[in-house]
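I would like the entire structure built from these sequences, with the hints used as guidance.
Residue numbers (the working numbering), protein chains in the order written: chain A, 153 to 542; chain B, 153 to 542.
Because identical chains share one entry, a pair is satisfied inside a single copy or across any pair of copies.
Dumping the calculated DMTMM-like pairs for lysine to aspartate or glutamate here, alpha-carbon to alpha-carbon at most 20 Å: (1) K407 x E228; (2) K227 x D405; (3) K383 x D541; (4) K420 x D197; (5) K312 x D356; (6) K424 x E228; (7) K165 x D176; (8) K420 x E194; (9) K227 x D408; (10) K424 x D541.
Everything labelled a hint here was simulated from the structure, so no lab data went into it.
There are 2 protein chains.
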Amino acid sequence: MRDVAIIGVKTTKFGENWDVSLRDIITEAGVGALEDARVTGEEIDAIIVGNMSGGQFIEQEHIGALIADYAGLAKELHVPATRVEAACASGGLALRQGIHAVASGLEDIVVAAGVEKMTDISSTSASTALAAAADREWEGIMGATFPGLYAMIAKLHMHKYGTTSEQLAQVAVKNHANGAHNPIAQYRNKISVEDVLRSIMVADPLHIFDCSPITDGAAAVILAPADIAHKYTDTPIYVKATSQASDTLALHDRKDITTLAASVEAGKRAFKMAKLTPKDIDLVEVHDCFTIAEICAIEDLGFVKKGEGGKFTEEGNTAIGGKIPVNTSGGLKACGHPVGATGIKQAVEIVEQLRGDAGKRQVDGAEIGMTHNVGGSGATAVVHILSRDR
Amino acid sequence: MRDVAIIGVKTTKFGENWDVSLRDIITEAGVGALEDARVTGEEIDAIIVGNMSGGQFIEQEHIGALIADYAGLAKELHVPATRVEAACASGGLALRQGIHAVASGLEDIVVAAGVEKMTDISSTSASTALAAAADREWEGIMGATFPGLYAMIAKLHMHKYGTTSEQLAQVAVKNHANGAHNPIAQYRNKISVEDVLRSIMVADPLHIFDCSPITDGAAAVILAPADIAHKYTDTPIYVKATSQASDTLALHDRKDITTLAASVEAGKRAFKMAKLTPKDIDLVEVHDCFTIAEICAIEDLGFVKKGEGGKFTEEGNTAIGGKIPVNTSGGLKACGHPVGATGIKQAVEIVEQLRGDAGKRQVDGAEIGMTHNVGGSGATAVVHILSRDR
Chain A
153 MRDVAIIGVK TTKFGENWDV SLRDIITEAG VGALEDARVT GEEIDAIIVG
203 NMSGGQFIEQ EHIGALIADY AGLAKELHVP ATRVEAACAS GGLALRQGIH
253 AVASGLEDIV VAAGVEKMTD ISSTSASTAL AAAADREWEG IMGATFPGLY
303 AMIAKLHMHK YGTTSEQLAQ VAVKNHANGA HNPIAQYRNK ISVEDVLRSI
353 MVADPLHIFD CSPITDGAAA VILAPADIAH KYTDTPIYVK ATSQASDTLA
403 LHDRKDITTL AASVEAGKRA FKMAKLTPKD IDLVEVHDCF TIAEICAIED
453 LGFVKKGEGG KFTEEGNTAI GGKIPVNTSG GLKACGHPVG ATGIKQAVEI
503 VEQLRGDAGK RQVDGAEIGM THNVGGSGAT AVVHILSRDR
Chain B
153 MRDVAIIGVK TTKFGENWDV SLRDIITEAG VGALEDARVT GEEIDAIIVG
203 NMSGGQFIEQ EHIGALIADY AGLAKELHVP ATRVEAACAS GGLALRQGIH
253 AVASGLEDIV VAAGVEKMTD ISSTSASTAL AAAADREWEG IMGATFPGLY
303 AMIAKLHMHK YGTTSEQLAQ VAVKNHANGA HNPIAQYRNK ISVEDVLRSI
353 MVADPLHIFD CSPITDGAAA VILAPADIAH KYTDTPIYVK ATSQASDTLA
403 LHDRKDITTL AASVEAGKRA FKMAKLTPKD IDLVEVHDCF TIAEICAIED
453 LGFVKKGEGG KFTEEGNTAI GGKIPVNTSG GLKACGHPVG ATGIKQAVEI
503 VEQLRGDAGK RQVDGAEIGM THNVGGSGAT AVVHILSRDR
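Spelled out as structure tokens, the structure:
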């Protein structure tokens, strides 16, 4: 296996972008990443794109070919383009498939991208579309949507470990504070614990400020063999680990719904592959589709003991400057959550941090970062570890 | 790169299978292929599944995790499971991704599967869902569905090359004759040229018997490194080539719509990789979503000169016993076309033929076979070459 480096990155503005379509934003992200890497179209061997549901959101499947087409890589060059999907972990999977393609020696320059255009249908329909990430025959058909599923996780976490609504709110407060410094974030306003607790209840105990929004957005990274990365950039960022794990689709089939076993397993596999431990990680982007999800994630990945994530957050340990900065981008909560793009955006944030380009969000001396991307309520988890040093 | 072998195969009955759901048929195919390969669950390193649109057809995305779950591979083993999509070429892409995973040395035993459950919604909705494989903003929005797009290809083919409705009909007649001997085929009735010409017109010049049907079905193959294939089976079938190419999504952006440039390019790349020519191929499964598509395919892959596919078919050269038997399974036309499963089913047919297990469909002395899987109207093409000999 060859070492792999990220040599270019780009994320579009996340938000309700009604004046552009999916093909516009994915082209902006792809071309931006290529420019960042100073790579030409002729050099591209393959495109892998993560997208959860173009079919449901905009009646457009076959998005790999669409991207190759709109990037001008289809007509003469016939560049192979593949869509991968694992619900909200689609972006993370695209990164993983791209890394595999380069690591194996089958391809040299690969574009790994993610995109979702979610605001072109009503929010009710968006919730229905997203519910397709859960078990349709056992959960969706009963009316379960994701706020409801994560609310059950939150309720049990509170019951077992004494986690409080204030602690959940702290996740949102911290992520909005980070997002305020991120130019591409959907929400750049700071909020208080009181703001969260006073916001309308979506699914008890989750208020609307405990939930990530519906978002349009795209992101792309350019992958290359580590041996030639310096041809393109002075600051390649190296892939130290990629891992993926599955779990049951329905919550009711799990022994303990406060633990996402796929996250635990993907984390373990990644640390083993990188020969690292949680102590070695300088910052992490985790999948905070709901505030409770961030608390579970930092526990499941081993940054804090199970049950102590709420207290750990409340004490400020996950803020920039804390023991382990979590979601410096603003996370899914404040930066936004265009589901297929999120896993790639997480990698872009880590690359910008490790390059020292994160501006007011910069984690001092960041050398090793991690991304954690979850599909549905945890039936898929994808973890990557990235490093300044090869 | 390591050599890769197919060590187990299974296709479910194709048809309108209203008594089973997607999870039932994909589990039947996966478990059947594992039994055929005598592989246990613990040995599986990864699952790759092709599926075009679980979201639109059955409101279920995240189908990789669903399969791992229902196969009992998620809860304890956490086997990574990934869905890939390129419209009707999703199955071919799953096979290709699986081959890459094994060839690279990253995985040993990989399940490559495909599935589509299409009959749980009305046929009008199925046509709308399928139209998402075309360019939504330039074709779908104008009302174009696939019969219309392929009808335009057929019209121009007739105009430029003198291809006749009778020659198109011959494709359907031959594929129904083959399907009659295939126990898993959706249609096992023989038809005549007159039957085709008398059937209702869907989009001039395509009658309903020129069109592949709406189908439920699943298929799976088990991949392993060639070096250990004989541990599992006495008749491993070896992968000699895998290739993929893109083209513009919309027909109007192409120089000549009677040529699918992605098929031409994928064919060339596959022959180059295998160091073979069309003359070396003993049988081929091509993507006959419409009768005209089979004629274009045998031309684009180089089995006959451009424009001569209709005459070549009329003369019986593509029948079993002819110069190059095409679609011995019955093809998409008679065997059925569960879009995400088709690319895998094509490989299963070639494996059964090369093993000598194809019964009354058997091509005598078949040693090398090819599959050709197309997404949409040709924006994606995926080609594989399989062989009895390593």
